[in-house]
Each structure stands twice: as C-alpha cells, then as structure tokens.
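J.: Based on the provided sequences and hints, a complete structural model is requested.
Protein chains in written order, with the working numbering: chain A, 1 to 287; chain B, 1 to 276.
Bear in mind the hints are in silico, worked out from the structure with no lab data behind them. Any given hint could be a false lead.
[Stated by the list, open to error] DSSO-like cross-link-like pairs, simulated, lysine-lysine; straight-line CA separation at most 27 angstroms:
id: 1; chain 1: A; residue 1: 124; chain 2: A; residue 2: 150
id: 2; chain 1: B; residue 1: 237; chain 2: A; residue 2: 192
id: 3; chain 1: A; residue 1: 34; chain 2: A; residue 2: 186
id: 4; chain 1: B; residue 1: 237; chain 2: A; residue 2: 186
id: 5; chain 1: B; residue 1: 73; chain 2: A; residue 2: 178
[Stated by the list, open to error] Residues from chain A that keep clear of chain B, each with C-beta distances beyond 10 angstroms, as calculated:
id: 6; residue: 32
id: 7; residue: 42
id: 8; residue: 84
id: 9; residue: 103
id: 10; residue: 129
id: 11; residue: 137
id: 12; residue: 180
id: 13; residue: 224
id: 14; residue: 235
[What the hints assert, rightly or not] Residues on chain A that point at chain B, a partial pick, calculated with CB under 10 angstroms:
id: 15; residue: 44
id: 16; residue: 170
id: 17; residue: 175
id: 18; residue: 277
id: 19; residue: 281
Every residue, glycine too, gets a C-beta built ideally from N, C-alpha and C.
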Amino acid sequence: MSIELKNISYTYMPKTPFEHLALDDISITIPEGKITAIAGHTGSGKSTLIQHFNGLLKPNKGTILVDGVDIGKKNTEAKAARRKVGIVFQYPEYQLFEETIAKDIAFGPRNIGCSEDETQERVKQAMDFVNLDYDKYAHRSPFQLSGGQKRRAAIAGILALQPKYLVLDEPTAGLDPKGRESLMEKFRRLHKEKGTTIVLISHNMDNIASYADNVIILNKGKVTMEATPEEAFSQKELISQAGLELPEVKTIMNELAQNGLEIQNNAYTMDKAVEEIIEALRRKGKC
Amino acid sequence: MSFIECVDLTHIYNAGMENEMLAVENVNIKIEEGEFVAILGTNGSGKSTLAKHFNGLLLPSSGKCLVDGMDTKDEEHTYDIRRQIGMVFQNPDNQIIAAIVEDDVGFGPENIGLDPHEIRRNVTAALRAVDMEEYRHFSPHHLSGGQKQRVAIAGALAMNTKCLVLDEPTAMLDPRGRHEVMDTVSRLNKERGITTVYITHFMEEAAMADRIFVMDQKHLVASGTPREIFRDIGAMKKRGLAVPMAAEMAYRLQQKGIRITESIINTEDLVRAICQ
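T.: What follows is the structure in structure tokens.
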C-alpha cells in the first residue's frame, strides 16, 4: 500500500495575471513503511505537493490514491483515506490555540468522532511520546511552554490522530542541535515501533542522509530525482542544479577522495564515513 | 573602549509578576569594533534576550549595557544607539513592511528625516552592498528567503549602521539562501568593518566568526576562537550543542585510534590532516 500521485498538476490563481504553475505533471509513490524524504529549494513546490496528500489542495489535473482509494471522490471511503494522512506543517507551534495543552491535543481526535475515553487515552499517549509529562503539563497553557516544548505539543496534536502516513514539513527548523536530534529520534522510534510511514520535507541533507530510505527531489515544480540516498548523493550536479547541497559528510568524503585518499566513497553518514576512512588508511599502512 | 559592553547584565521578564522569568544572569561581554562574533546556545539559553539588549529593545533588569560608550538605559541615546545597531531576525516575512524593495530599504532613513537625495543615495548603496540592486523595483513577495534577508540587511545599512545583530537569520532558508546570507554578512564585516553579532544553531556558520560566545541556562559559560570552542566536543554536547561536521569526524577517527594532532574545524583542516 502507498500514497500514489498520478500526473498531478497544480496552478495557483489560474486565469489571473498572478497565475503560477506550482506542480507540473508529478507522478510519485510514497511506499508504506518507509521514510521518504522530499527535498527542494524554497519555492520548488514541496509544500504545495504535500497539501495534496490529504486533500487540502485539489489538483487541477491528476489523481491521488491513498492505499488505492482515490481521495478526490466524495464518499465515505475517500474521507477515511484522507484521514490516514497527518500533516505537521512548518512551525506548527504557531497553530496552537487552546487554553490547555490537553485540550489542544484533544481537538483532533474529538473532531474525528473519538469517544471521550478514547480521546483522553490518545492525548496521554501522544504527550508521553513527545516527552511532555501529562501530570505536569496537561492543564497548562501551551503558550507558557518553551519553543521546543511548543513544537512537541503541536506535533502531539497530529500524533493523537494516529495517522498511518505522517508528513513532516521541516520539523526541526529553528531547533538547537540537541533538539533536532531528539525530535528526529522520536520519529524514527514511531516508524520502528508502530510502523508509521514518514514523509520528511527538508532541505537539511544531513538529516535526509541519516534517516531516509528514499529521496525525491523537486525542482521548479517537477520531480528531478526519485532514488535511494546513495544514488541521489552520487549525482552532485543534479543536486546542485536543484538548489541543494550534498550532505556535509559526503562533501568531506569527496574532498578526501580528490586529494588522493583511496576510499570507495559510498558513505554519506558519519558512521560509514569513519569506517571507510579507517579502511583506506589501513590499506595505505598508515595505522 | 569596546563597541558593545555588558556589565553584570541580568534580565528578568515580567519582574514582580506571577510569571516572572529569569532569562539572562550576570553576563559580562565585550565586543570590539569590527569584530565578528557568534553566539551559540540551546533554545531558551538566553541568546536572543541578550542580543535584544544591544540596541535597547530590552533594558537590563540590573547591570548595564553600553554601546559605543552610551548606556542603553539613557533615553537620550536610544535613537543614536538604534541608528548604529541594526537587527535582522529569523523570519524574513515579519520584517519587510513595504510593497516595493526600495521603499522597504528607504523606510528607516526616511523615518529619521534624512534628505530625499541622501535617502536615494543610501538606498542605492545599501542594495548594491548586498547585491540586490537589480531587484529594487520588485515586490518583496516575489523574492526568495535569502533575498528577503539581504533586503532586511540593506534596510539596516541604509541607516549607515555600524553593527549588525542577526538572530538566526538562516533558520528558515534553503542551502542557497543560507550561503547568500552568510557570504553577504561575512563580506560586509571584512570589507566595510561592520561589527557583526551572529546568533545561530548551525556550527559551520559559527566557525566563520572571529570569536564565539556560548550561552547555557541563562549564563555566558565560554568564549574563545572557534578553534578553542570546538576543541572540547564533550563540553559542547553536554550543553546540547554540537561541533562542525569535520570536527566531529576528526574526533570519531581519533576515538578509533587514528592519530590526528592538529585542531580541526573545517573540511580543509581534515583533508590536510588525513591526506598528508
């Protein structure tokens, strides 16, 4: 099962002087059970694209299938399919609105018709998952939290909907290094333990290198690449044409190779890179 | 005399109220004219609060902050201080107010009553300095994030600012935008001697500074050159921070018994250490 986009095109403000083709004939598959990254420069169409995944935007052309169901239809089956997809937008903390954190998180489950018991259970689980202690924080105002806590509270609101497909738009923007790592580890755990499919929108290529199984690269509303990270990062030219950069680790490895270190140069994560360098140095008899 | 000097600076938000919060405690800092300093620290460590004292947006609860010898608490100097120190914030969309790029850059100089000819001259020079002259008649909404941030920087330059304080100016930008902003900031510092205070969560950006200040839980806990600061990986991690990727890689190699004696903070250092 998967999210499948077939020949999607989308134009903002059609038939006006501001008409802008944001997505141009996009066909991609987000496979179930994987972490798929979508990368592209600002304005490449990433955010427009993900809003199609659960029907927030309707394409001018093309169809979107979630687990085989066309979500553009007007029937209960399509509605249920749209609900399988949860989207965490950029800076989700700006969307917190309720008086207490528990109420804010409960808004979603209640809205989709969960019973009160079920709702409370989901709120507890979601808060527990993002490390916000229920007893301490449930009845506090979300506006008294720190930046990182607010972000986690907002994410808990989506997790409480228990989406099968979780779409994250730049989830770590503005967080400090520790905050970035601990949040990404939480998503990894969610993926491992509950099998949640994750779509990660990011221009942080090191993040993509560490977490993604597949990479989709957008440029000017078109898909320029759909590949494994290893394949993607071996095509420096395409990456740079798309306004992106190689992961820092890969850049370092390329520099080492250019300066005469005989490495295989397949590594794009820190652990693998360290292994490759040590191997190369051993072969050279340097250690 | 230092250009910016904080003496025992403490800041408490909502002092005396129920939601009172100590944000910065007893910070002593000196920033020299023409210097490029970076401030690192986790979310909530007090970096932004500290930076907002540099142009009097916030006033110390105790202690003082001097800019070019003027006390920020002295209302007589508020405007002189703000004219010398320009701020650029994280979200480019929150700091652009006009419908045309040149109007936005001209807003500051117009506001302080400069002569129209001088305003034009300043706007042209400022846009040229950030390499945005060809966009002067554009609407800001049609610019990329990096371009918007450069317009925000031009707005400060048009006031003949001596110092730029940038609070995570690249957090919302894509890689190209980040480079545009970094290159612009670094060039303005080198070529025009603009004193620069750069707050960031990206260690590679901080590595470009002359000096780094580290904030941790409301206190200034370390200061030094990037090489000095990034030498102690353990300390940085303990504070929820990190080191540039090349430094981390060197550290991991050392852990596995590879002999690297040089201090490593960027790719060139690492290549030199390994390939020789």
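J.: Check each numbered hint against the structure and report the violated ones by number, ascending.
T.: 5, 7 and 12
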